[in-house]
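There are 2 protein chains.
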Amino acid sequence: MGTADEAGSTATRARVALKEVGVGRQRTRMVVRAVVVLGVTVAGSLGTPSGVRAQAIKDVQTPDTPLVLKAQGSFFVGGEKIQQSQGELGNLGPGGNITVNQMYVRYMVPQGGDRNVPVVMVHGATLTGKSWETTPDGRMGWDEYFVRKGHPVYVPDQVGRGRSGFNQAVFNNVRAGSTPPANLPVWLRFSDEGVWPNFRFGLAPGKPFADSQFPLTALDELSKQGVPDVSFGGVPTPNPTLKALSDLASQLNGAVLMGHSQSGSFPLDAALLAPAVAKGLVLVEPGRCPPGYTPEQIAALAKVPLLVVFGDHRDNPTGLPTLPTWQARFEACEALIGRLKTAGGQAQMLNPVERGIRGNSHMIMQDKNSLQIADLILVWIEERVAKRSGAK
Amino acid sequence: MGTADEAGSTATRARVALKEVGVGRQRTRMVVRAVVVLGVTVAGSLGTPSGVRAQAIKDVQTPDTPLVLKAQGSFFVGGEKIQQSQGELGNLGPGGNITVNQMYVRYMVPQGGDRNVPVVMVHGATLTGKSWETTPDGRMGWDEYFVRKGHPVYVPDQVGRGRSGFNQAVFNNVRAGSTPPANLPVWLRFSDEGVWPNFRFGLAPGKPFADSQFPLTALDELSKQGVPDVSFGGVPTPNPTLKALSDLASQLNGAVLMGHSQSGSFPLDAALLAPAVAKGLVLVEPGRCPPGYTPEQIAALAKVPLLVVFGDHRDNPTGLPTLPTWQARFEACEALIGRLKTAGGQAQMLNPVERGIRGNSHMIMQDKNSLQIADLILVWIEERVAKRSGAK
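Residue numbers (the working numbering), protein chains in the order written: chain H, 1 to 392; chain E, 1001 to 1392.
Hints are computed from structural coordinates only; laboratory data are not their basis.
Backbone N, C-alpha and C define an ideal beta-carbon position, used for all residues, glycine too.
Please note that a few of the clues may not be correct.
[To be verified] A partial selection of chain H residues facing chain E, derived with a Cβ cut-off under 7 angstroms: (1) G73; (2) K130; (3) E133; (4) T217; (5) L320.
All chains, full assembly: derive it from the sequences and hints.
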């Protein structure tokens, strides 16, 4: 693959360039933080109500060099005012206006890196921005790693989830009897058992692939990342997250948009709203690569560098027979890459298997070799986005 | 008041001590980050569906000195496994186990400050940990400010909200018709109009107190912080956040627990679960100071330093006639302080009005003088917690 070969040949150059931003070369060696743990719950058995084996703070690793930030904080993008009744607001007080469909964003800007291209990382279904933070087994998340490599990083919660909230009116109306229960949107969550085949940890629960890169001893921590997801019925169409991502990229004067799984195609659709500010699109294990883009849309997207990233074991049955396998999605993305290339685009597949890197899962940003994968994406950004746009 | 006088006399000492942790003296002067903004929505009128005036990234201020972190990241405390049916999980796949009642926590540890007493900041009703981050008008939140003053800071989302998620089963069961709608828990949200009297910005919407400290031009940003709150019916009793806070303090080998509004009394109840690891309790505008503690409970709480913080205009009618005024809550806290003092405790009220500081609101951590209030709390921690426990 082009990406793989080019990544190898530009790695040294990328490292030299990144040194200049003042963050310095960060290695993955960690030291365990010395915190005394007084009360840790122990493991419960699968399938029965029980305490969950706790990830104690001692399990969270501390890097051996400090993180130097020019800025960090949070803000919202988008949102609209709607008027709701007393009942819709839960009868705490009189009716009035609230804001819905806003998108929460947390950010970190590295000292010396504020002129480098920002990276926006969007999580997948039944998850939140936590996906990109400290991994289930306590290693550095991609959010901090990309910052340490010189990039401002922006991590949203999709509209409808996490700190972005959702519109609660219909639930209170059904409770009050003024709306029929059938009008309720569905809340989705993945079970611990379901993620084994679907996230490609193994063929079945407790049967990991021998080469699995996911930190399976910390599966209970991945389970805690799950939140109910009302995206399919409880969020307006088109999903307000798309416009919010486009507006965020505009406010940043250009950004790399990275999506994962259910949000894997969001960078494409956000870029179509304002192609000029989408400096690069990274689709990490996307749930879909839409087949139906018009020639005009393909022409617009061909102006934006695209990288699609997929892990291993894509032929694994997902346990969700109504949905395509990950291999089918991979092939749909290959087809899209083909269309974009024909239109003159810089579109590439990053398939670690072709580099001899085996066992990566759907949660590739949390896999044991997550920083190895991050390095390949960082090299692509350096080569295809940073140099192209004149930044860094 | 004792707190106020002592705060004044120890301010210089506190600053000297905090200098030693290597973070350095941080001033509140800010420089506005230079980011070009391309697409900003404009204000909509009150009471009609409309776009919300966007806080552009240019409105978010950047400190003039970098933030140097030994560590940052996130993890979960607590949680329990429960088995749910296919329908309860939203029919995406077969039934199985999920985790509920876990508490998400984001943390920052300052370089050189990892031996100082950590501060845990818990948000109030219909809000998330965002309360403590960047203020609605783009200034530094207490989370970063306390870190810059040398303290590790841990910001949870309460169980049932934000990145901690909630148990969605009953909603899907009602949707499917297997549970009656009356079984649904209520979701609460405050309206934009309701917060004017209740959060004590003014007597009525659009009628601010002349001395209001809240950044009223950024009210739309406070509105975006609102999320639906299922705490009253949709979260187990006792609230799992209490045990999670106690466990977090245990894992940290001791912490100051700070609550706000609906969680204002959480530090008290968490401390009762494990008094030895509650190094100090800060109740910021607490919704209640429970009157019913037994003599044994008072004796246990009297061993932990307590600070209660209330703003101005407490007699303002809240617009919620079924609930007590803030002055009534203030007086209930004075009564608790009295009981604790009688039992030999170090319990104090911080009432900025008595220092001539007027106009503070219920959202005191977001008020224009938020760092002035933070300094008073930091001095109290220095004097009553840090010196007492031998840390710092």
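Can you name, in rising order, the numbers of the hints this structure does not satisfy?
-> Number 4 only.
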